[in-house]
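Number of protein chains: 2
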Amino acid sequence: MAGEIEFVDGGTITTPQGFMAGATYAGLKTFAEDKLDLCVLFSELPCAAAGVFTRSTVRSSTVTVNQERLAQGIPMRGLIVNAGIANTCVGEQGYIDAVEMTRLAALKTGAMPEEVLVCSTGIIGVELPMALIRDGLDQIELHGNGGPDMARAIMTTDTRPKEVAVAFEVDECQIHLGGIAKGSGMIHPNMATMLSFLATDAAVEPAFLQQCLSQVADETYNMLSVDGDSSTNDTVLVMANGAAHNHPISGGTMAGEAFMDALRQVCTHLTRELARDGEGASHLIVVEVDGAASTDDARLAAKTVASSNLVKSAVYGTDPNWGRLMMALGRSGAAAEEEKVDLFINGVCIMEAGKPIPFHRDAVVSLMKQPEVTFRLRLHLGEGEATAWGCDLTEEYVIINSAYTT
Amino acid sequence: MAGEIEFVDGGTITTPQGFMAGATYAGLKTFAEDKLDLCVLFSELPCAAAGVFTRSTVRSSTVTVNQERLAQGIPMRGLIVNAGIANTCVGEQGYIDAVEMTRLAALKTGAMPEEVLVCSTGIIGVELPMALIRDGLDQIELHGNGGPDMARAIMTTDTRPKEVAVAFEVDECQIHLGGIAKGSGMIHPNMATMLSFLATDAAVEPAFLQQCLSQVADETYNMLSVDGDSSTNDTVLVMANGAAHNHPISGGTMAGEAFMDALRQVCTHLTRELARDGEGASHLIVVEVDGAASTDDARLAAKTVASSNLVKSAVYGTDPNWGRLMMALGRSGAAAEEEKVDLFINGVCIMEAGKPIPFHRDAVVSLMKQPEVTFRLRLHLGEGEATAWGCDLTEEYVIINSAYTT
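From first to last, the protein sequence lines stand for chains H and Y. Counting along the first sequence from 1, when you hit position 297 you're at 297 in the numbering used here, and nothing is skipped either side. Counting along the second sequence from 1, when you hit position 192 you're at 192 in the numbering used here, and nothing is skipped either side.
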């Protein structure tokens with residue numbers, strides 16, 4: 001039976017038992033102040049593992065390698081990640097280097113190369129300097145408190161690391177689930193990449209682990225938009241090593257529900273942190289849609305509103321501009337009937353049944369000065385619900401993404 | 001037999017014979033320097049007419065009225081347009097006021113109300129001040145040189161009017177086709193609306209006229225992106241009055257091809273002008289895709305690249321950032337194989353077969369300082385071709401769309 005889910009103070013990816021991590025500066029990241037740029041995650045115990053990946057047709061070789069590794073159906077042991085260079089658009093060398101990174105990490109940890117996953121983030125069209133990676137790996141020390149260093153080492157234009165862990169009970173076993181993520185803003189000079197890595201000491205049936213990750217990613221990371229652009233390298237990975245000695249968690253059980261819920265809370269937290277730290281962002285935008293004709297419609301509407309440049313600009317200007325919300329809803333493709341729509345900004349109703357209602361504009365403007373702005377759109381057509389996360393569009397975004405070359 | 005298509009110096013919507021226009025300041029537009037805000041187009045002769053409209057589910061009552069009028073299958077005579085207030089999200093009053101506008105224009109011109117079309121653009125959620133419109137209409141004088149005034153009267157945040165006309169011969173009759181358009185940037189405080197009105201003195205079979213407009217709009221206006229947001233009021237209308245006394249033009253003929261080609265040239269010109277005058281824009285962006293698996297794929301790829309915030313920011317920064325082009329291509333949904341893609345910036349090849357080639361960076365940066373930046377993406381998969389138009393993303397865009405309320 002599942003207990004309550006509690007957030008762990010200072011929790012990170014190495015909070016679960018049996019995971020070690022370490023990071024170093026290998027010389028790949030030339031643009032950031034926080035210079036760690038190469039890291040390894042390792043589990044003494046073999047792990048069930050699952051992943052979700054970018055849907056882009058132009059993708060990093062690391063994505064290909066991870067998909068091949070997970071398709072083997074064997075337990076995983078480790079993960080190696082570099083930031084600074086994305087290992088994308090470099091022809092066949094990309095695949096060769098990705099495999100070589102797993103081989104080097106395997107040599108270091110005593111795992112087999114095919115038990116190691118690999119991610120890269122950074123500029124594209126540049127080959128990985130494998131000699132630097134080889135030398136860097138020698139300097140890495142793996143330890144049970146390595147999570148915070150790993151969270152910093154995967155950053156690119158992120159202004160702060162993103163990490164979290166929760167604890168909960170399953171069958172009288174204490175379970176930990178932790179994770180880290182890095183920014184969905186772009187990095188100098190080419191790429192936006194969202195990476196998130198999750199670890200748990202629960203034992204989880206592999207097929208159920210993939211099912212949980214796919215479902216939760218659709219509800220969280222896939223509902224995040226910083227600038228509407230998605231990356232060649234986007235990857236979420238989860239590893240479950242069973243160190244908590246619980247009976248392996250499967251679907252259709254209370255334990256399964258508890259695990260799914262914990263995963264949802266961790267991923268929601270990281271998604272919010274990613275949105276809040278969007279490039280140039282001054283506000284976190286949350287768009288909640290209910291009463292949509294279907295879940296798909298709710299997701300479409302929420303994501304379209306959250307990613308509209310006009311809505312994002314209005315939030316930056318603390319402008320309760322319901323016209324732009326209606327415009328974005330209208331073009332989203334989700335079924336909507338204007339005369340049924342209610343709109344709320346931070347809990348204040350500003351439109352009812354498709355017509356604006358008198359509201360105290362100054363009060364709503366004040367509410368919008370809070371760091372988080374929540375729009376709720378009630379469509380009154382069905383049972384579909386979804387939440388999307390985004391950030392406002394500021395001059396700073398334009399400056400970050402245009403000004404560095406001239 | 002069709003002759004050459006020539007652009008007419010100073011051409012506008014009243015260049016074709018038998019069209020009159022007039023405009024006035026009725027008091028609806030409180031935010032622009034150019035104060036004309038109400039206008040009428042009228043043809044003595046009855047016109048074949050056709051339209052294409054926003055696909056948004058939240059739409060102005062004017063769109064509904066126009067669709068109903070065109071569905072009657074009877075000739076049209078006139079068009080009334082106001083700028084400043086969009087007549088959207090005002091409940092049932094919107095439809096009543098739209099119909100009343102056509103009635104007032106009919107009274108003025110001697111047409112029947114059901115022979116008049118109507119468009120509005122401006123802020124939403126505000127009812128039209130019909131008394132102002134009634135008074136304004138009295139002041140309007142219709143004349144054969146009224147096109148330039150009409151082009152100004154439909155402007156919102158546009159910095160300049162957009163108008164053009166071409167002349168060509170069909171069956172030894174001289175034909176004129178003229179048009180005007182207004183901005184796809186947003187206006188204070190709520191709306192982006194693209195309106196374009198076209199007139200020709202050719203006689204054209206009504207069904208063929210609609211077919212031409214639908215096809216050409218898909219190739220031009222529907223390939224335009226200023227900020228990815230589309231409007232509740234977007235409308236393109238064409239009226240053909242037959243004053244040139246040609247044999248009515250139909251499909252599958254040389255005359256039909258000539259007419260379609262003229263329409264394409266007029267609409268392409270106006271689309272480019274709309275992109276160039278996008279809010280805050282400093283560059284026109286043209287994205288040409290060839291070798292796509294299909295026309296749909298080519299359009300998807302071209303439009304995704306042209307509307308990517310990252311690509312738009314890179315153009316503003318005159319950054320030959322091919323990584324962002326590949327990213328946008330990859331996420332577009334169009335079939336693409338990285339190892340086949342060639343990329344060109346203003347004619348200079350920067351990537352061949354999926355790998356960057358050495359190019360003289362400073363030279364390409366210089367080329368990108370020109371007011372027009374053309375990206376060509378060759379996919380080498382099939383015969384699909386398309387062009388999309390957009391503009392760069394600047395701090396000015398963010399300022400225009402955020403700063404006016406605080």
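Don't take each hint at face value.
Calculated pairs, DSS-like style, for lysine-lysine (alpha carbon to alpha carbon, straight line, at most 30 Å) [as the list claims (entries may be wrong)]:
id, chain 1, residue 1, chain 2, residue 2
1, H, LYS340, H, LYS369
2, Y, LYS35, H, LYS35
3, H, LYS355, Y, LYS35
4, Y, LYS355, Y, LYS369
5, H, LYS108, H, LYS35
6, H, LYS369, H, LYS355
No lab work stands behind these hints: they were computed from the structure.
Hint numbers not upheld by this structure, sorted from lowest to highest: 2
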